[in-house]
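Undergrad: Here is how the chains run, residue by residue.
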Amino acid sequence: NAGVTQTPKFQVLKTGQSMTLQCAQDMNHNSMYWYRQDPGMGLRLIYYSASEGTTDKGEVPNGYNVSRLNKREFSLRLESAAPSQTSVYFCASSMDRANEQFFGPGTRLTVL
Amino acid sequence: KNEVEQSPQNLTAQEGEFITINCSYSVGISALHWLQQHPGGGIVSLFMLSSGKKKHGRLIATINIQEKHSSLHITASHPRDSAVYICAVRPGAQKLVFGQGTRLTINP
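So the protein sequences, as listed, match chains L and P.
Using the numbering used here, you'd call the opening residue of the first sequence number 1 and step up by one each time.
Using the numbering used here, you'd call the opening residue of the second sequence number 113 and step up by one each time.
Note that these hints are calculated values from the structure, not bench results.
Some hints here could point you the wrong way.
[Stated by the list, open to error] Derived pair list, reagent style DSSO-like, types lysine-lysine, alpha-carbon separation capped at 27 Å:
1. L/9 <-> L/71
2. L/71 <-> L/57
3. P/207 <-> L/71
4. P/180 <-> P/167
5. P/166 <-> P/180
6. P/207 <-> L/57
7. L/9 <-> P/166
8. L/57 <-> L/14
9. P/180 <-> P/207
[What the hints assert, rightly or not] Chain P regions said to be covered by chain L (calculated; three or more residues, Cβ under 8 Å):
10. 123–133
11. 139–145
12. 183–196
All of these numbers come straight from a predicted model, not from anything done at the bench.
Don't be surprised by glycine CBs; every beta carbon is placed ideally from N, CA and C.
Turn these sequences into a full structure, and let the hints steer you where they fit.
TA: Following this line, the structure appears as C-alpha cells:
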C-alpha cells in the first residue's frame, strides 16, 4: 500500500501565483486533514474533511481552499500565494476523527 | 501559554541511555498521541492512548489523566531513534492540538 501520497514534494511560487497541493490515500479512510508546519511551532490544522462530501475550517484556514474530490483525494488550493504561506504542508488521513492519523511525506513550499 | 507543552525541547544522549520526554496539557482530552518525525521529514504515529500505559518494542508511553501529563520513554536508545518526537492531544471529539516537539539526538 502507498498509504498517503502528496504531490508535489517541493514547489517555489512567486507572490500572487496560485497552485493546488494534491493528496490521496488508499486506506479507505473517512477523514482527511491538511496541516502546515513552521519552524518553532507545532503542526497547525488548516482544513479537514470528516467524511466524503464535508469540509471544515481548522485553526489557520485564511488564504486556503480545499476540495474533497472523492473518498481518496483531498486537495489544498492557494489562490494567491503570499510569503507567509511558506511552510511545509502535510496531508493526513484517519479511519475516523477519533483514530490515529497517517501522514503523507509533506510538500515544502516557498513563496518568494 | 500553549495548550500542549513538551520538555525538554532538545535532548542529546549517548547510545544505550534511557530517555524520557514529557508532555503536559491544560485541557480535558479524549486521547493523546505520540508521533515521530524523522530527519527526512516523514511523520509516523507511535501511540494513541487515553489511559494507562502502552509499549511497542523499546518505546513506552504513559499517561496520567488526573495530572494532565504523559511521558514517552525509550529504553536502550540507539542512534536510529534520533528524531523529533511530537505530543498531540485531542480535546473532545475532533481536532488534534500539537506540541512543538522534542528534538532527540542519540550519539554512538
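Undergrad: Would you mind marking each hint as holding or not holding in the structure?
TA: Evaluated hints:
1. L/9 <-> L/71: Holds, because 22 Å separates the two Cα atoms, which is no more than 27 Å.
2. L/71 <-> L/57: 18 Å, holds
3. P/207 <-> L/71: The hint holds at about 19 Å.
4. P/180 <-> P/167: Within the cut-off at roughly 20 Å; holds.
5. P/166 <-> P/180: 17 Å, holds
6. P/207 <-> L/57: Given pair residue 207 of chain P, residue 57 of chain L holds - Cα atoms ~11 Å apart, limit 27 Å.
7. L/9 <-> P/166: 34 Å, violated
8. L/57 <-> L/14: Holds, at about 25 Å.
9. P/180 <-> P/207: 18 Å, holds
10. 123–133: With 0 residues closer than 8 Å to chain L, the region 123–133 of chain P misses the three-residue bar; violated.
11. 139–145: Coverage by chain L holds for the region 139–145 of chain P (3 residues, Cβ < 8 Å).
12. 183–196: The restraint on the region 183–196 of chain P is violated, since only 0 of its residues have a Cβ under 8 Å from chain L and three are required.
In the structure shown, a violation is registered for the earlier hints numbered 7, 10, 12, in ascending order.
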